[in-house]
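Those protein sequences? They're chains U and V, same order as listed.
Sequential numbering of the first sequence, starting at 1, is according to the numbering used here.
Sequential numbering of the second sequence, starting at 125, is according to the numbering used here.
It should be emphasised that the hints constitute simulated quantities derived from the structure, not laboratory data.
Ideal Cβ positions, reconstructed from N, Cα and C, are used throughout, including at glycine.
Just so you know, not all the hints are guaranteed correct.
Listed next, with one range per pair, are the computed distances between beta-carbon atoms [as the list claims (entries may be wrong)]:
(1) U:Gly107 to V:Glu243: 51 to 59 Å
(2) U:Glu46 to V:Asn394: 51 to 59 Å
(3) U:Asn33 to V:Leu444: 20 to 28 Å
(4) U:Asp67 to V:Ser290: 46 to 54 Å
(5) U:Ser92 to V:Leu444: 17 to 25 Å
(6) U:Asn33 to V:Arg476: 32 to 40 Å
(7) V:Lys244 to U:Asn49: 45 to 53 Å
(8) V:Asn138 to U:Glu52: 35 to 43 Å
(9) V:Asn214 to U:Asn33: 48 to 56 Å
(10) V:Glu160 to U:Glu52: 34 to 42 Å
(11) V:Asp261 to U:Ser92: 41 to 49 Å
(12) V:Glu333 to U:Glu48: 39 to 47 Å
With a straight-line Cα cutoff of 27 Å, these simulated DSSO-like cross-link-like pairs (lysine-lysine) come out [unchecked claim]:
(13) V:Lys142 to U:Lys11
(14) V:Lys201 to V:Lys415
(15) V:Lys244 to V:Lys128
(16) V:Lys142 to U:Lys120
(17) V:Lys244 to U:Lys120
(18) U:Lys102 to V:Lys415
(19) U:Lys102 to V:Lys471
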Amino acid sequence: MNFPTDLKYTKDHEWVKVDGDTATIGITEFAQNELGDIVFVEIETEGENLQEGDVFGTIEAVKTVSDLFMPITGEVTEINSGLEDNPEIVNSDPYGDGWMIKIKFDGSTDDFLSAEAYQKLLGE
Amino acid sequence: MDVKRIPLHDIHKNLGAKMMPFAGFEMPVRYSSDKEEHFCVRDGVGVFDVSHMGEFMVRGAGALDLIQKVTSNDASKIVDDQAQYSCLPNDTGGIVDDLIVYRMGEEEYMLVVNASNIEKDWNWIQSKNTDGVEMEDVSDDIVLLAVQGPKAAETLQKLTEVDLSSVGFYKFTKGMLAGAEMIISGTGYTGSGGFELYIPKEHGITVWEKVFEAGAEFDIKPIGLGARDTLRLEKGFCLYGNDITDTTSPLEAGLGWITKFTKEFTNSENLKKQKEEGVTRKLVGFEMKEKGIPRQGYKLLNDEGEEIGEVTSGTISPCLEKGVGMGYVKKEFATVDIEIKVEVRNKQLGARVVRPPFVK
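Chain V with its partners taken away, still in its complex shape (with noise of 0.2 Å):
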């Protein structure tokens, strides 16, 4: 496969980025250092660009309509300028992804979905669009950068006459910020507060440069991927790939409360099902408990060293300065305070399950 570029490829290259591939993209992975990265944006400002990301419009009457269709949680229920985290689940009790549902209007939306799934949602959605509602691919328009942490929104307000006290957690706003007229979210990745920026990819360098222009006294940093993924770890969200999948049910991921039984979508009669008989295996948080760390693909042991799970994210969490990790187990370890072990390389390793976020 190619592997793309984002439009501010250079500017991450000239600050000494390590970029790697990444979903179909040579994605900025560290500037520094993992940690000093991880802790710029726990008690600072930092930025990433996840221009990588894919943005599709859905305009027109039937837009809503195929949105609840396709989507778990209940897309009626937002506003205007609101936003909506869901995912799309699949025929056969899997998710295709998950993603954020942005009301711009009563017939306007717009669906933000994983890099690594652009291509596959797009031919999902269509695929369930029988009565041709108007959608457009704009991900490769958009610059976005994700200004995320305690200083954030000071940085940005520098920037912009819009209020952002008044722009709320996964809320919206179309505005004006470093000249440029783009959607200011209030959303992350991080569980550290901050705003993403949808910005047209022209103004993509002027707007990365006037926020490190204003961040500057909070000694603002650009933050890559590596980061990123222990960020949204400690705080227990889930990743496409690792902790959901075409073969993990949104109810296994923990995910029921974007899985509204209030609306018919694709398999939601199997869903319902599968919640009013009970799941048989479910997606734990865990710390360990000796000194380790767990990754992607390491067994899960009970007491006796028998299997009842993998690990599907782990890593060492900055903050608490150990282990901890993410992983489905058999429906009786999923209680929090059971022992169970984790076999990493030729050891079984005593962890404890927990429930995220582990950093609160």
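Next comes chain U alone, as it looks inside the complex (with noise of 0.2 Å):
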């Protein structure tokens, strides 16, 4: 599985990409495997501002549901509106095309876990 450098990672199987005081936030690859088909992406919280932990959205596959968290608190600023009419696209490029908001924050990064210490996490 691929887990790039460039990011940083969450326990909640999420990925973040830091730029500044704003992030781009998707879920990894390995939750996209674990969830098998994306059938459907539901984020409402556009404009919200959110705590830490917060739910920001809800990813339905065929088999299960799953709620997205916010990695950090901070404002949803823009939402992935491609994924709605293909949300398979979460399946098939999480990294990049199937990426889930973007938010501005301000706060610590520090706890975010590197691409070799998500590994570690996941056993691999």
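Make the complex out of the two chains shown on their own, each in a separate frame, by following the hints.
And the structure:
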């Protein structure tokens, strides 16, 4: 499995691409593989200020449904509207076109995991 | 509870299956993609290892009497080499399990039960076995492969002298296939046709390999339990533990067609009364009108948002590309085309009652 080293990771199997005080968030290759065919991504929190750990959306696969969690407190500035019609992009390109949201945050990103630490968490 | 392994466990692992505990067994849930596997069965041919299922042999002069006593369908109506879908009613109006009854001979039957209920069913039937009819649990000796899909017959025909076109729906035969003596049964849980093979476990691996060689030209694939569920749900087949349980009556579940009052059986008097008086709730199928996927346990509501029932099974239908589900509703809502709502998280989404199968 692929875990790009320029990304940070969380225990909830999300990735975070930090760029100054903004960040892009998605789910990892491991997560999409566990979920299976993703058929529906529901994110209705654009413009909202959410706390770390809050649910910012829901992802539905054929067999399961899973919440998406804010990895850090911040404001949801943009959602990936491309997922509305093509949720399967999350399966095929989880780190690229399958991104979920962009946020503006102020706070420490020290708790995020490196690619190496995340892989260790997965026991790989 | 200890999780048991099925005989072909390592084959599935090597194929890259995601294995998960299900009904006390570590089972292949998905090999590649639920949708891909789903369409493989609908359009071609796929193979499920469902060796977790339970099989009981019932033998001797009292075999039919015992089966008649514990099952709701009329097993006296089937002949040799014929199978019958049935259920085991309990004493309190619900269902112990659903099962298939195979008649091998006048005094020999095989009962095929759900994996999660093997011990429960065995104990239940034994508790009714007052005449000491011989029963044997052969669940651990059998590899059960379900070869399903429109190309299943063509695939398997290459491996056997048995004329498979003579093995009709819910018919079976004992015969040689891929070098092993087995039961070839015209059954399945997909609604796409095909066969189920009851194989002595020592031949399981060989048969698996030969079936895949024979099906290569049709792009045969292994199919996991994930696709098994979407396939059965598109056809409106009940799943024990979801749509039928210890507390749902066969009549409420729409299983009146396997509840025959031509004979006496467990709780038949009360069920007959229920049939005469009418049920107060019914299992219905529904299709989502809005984007959203019903899941087990979600509430079903009327137009005013009042609760009228609960989802027992739900999924997105890969063939229809919309949410479909089944659930019990108060009988006044058990009418085709009636509009209902499904509570999906914090939203009430529109749905319409339809008569399964969802996919014809």
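Hints versus structure:
no.: 1; hint: U:Gly107 to V:Glu243: 51 to 59 Å; result: holds (53 Å)
no.: 2; hint: U:Glu46 to V:Asn394: 51 to 59 Å; result: holds (56 Å)
no.: 3; hint: U:Asn33 to V:Leu444: 20 to 28 Å; result: holds (25 Å)
no.: 4; hint: U:Asp67 to V:Ser290: 46 to 54 Å; result: holds (53 Å)
no.: 5; hint: U:Ser92 to V:Leu444: 17 to 25 Å; result: holds (23 Å)
no.: 6; hint: U:Asn33 to V:Arg476: 32 to 40 Å; result: holds (34 Å)
no.: 7; hint: V:Lys244 to U:Asn49: 45 to 53 Å; result: holds (52 Å)
no.: 8; hint: V:Asn138 to U:Glu52: 35 to 43 Å; result: holds (41 Å)
no.: 9; hint: V:Asn214 to U:Asn33: 48 to 56 Å; result: violated (41 Å)
no.: 10; hint: V:Glu160 to U:Glu52: 34 to 42 Å; result: holds (37 Å)
no.: 11; hint: V:Asp261 to U:Ser92: 41 to 49 Å; result: holds (46 Å)
no.: 12; hint: V:Glu333 to U:Glu48: 39 to 47 Å; result: violated (55 Å)
no.: 13; hint: V:Lys142 to U:Lys11; result: holds (21 Å)
no.: 14; hint: V:Lys201 to V:Lys415; result: violated (45 Å)
no.: 15; hint: V:Lys244 to V:Lys128; result: holds (17 Å)
no.: 16; hint: V:Lys142 to U:Lys120; result: holds (20 Å)
no.: 17; hint: V:Lys244 to U:Lys120; result: violated (42 Å)
no.: 18; hint: U:Lys102 to V:Lys415; result: holds (24 Å)
no.: 19; hint: U:Lys102 to V:Lys471; result: holds (25 Å)
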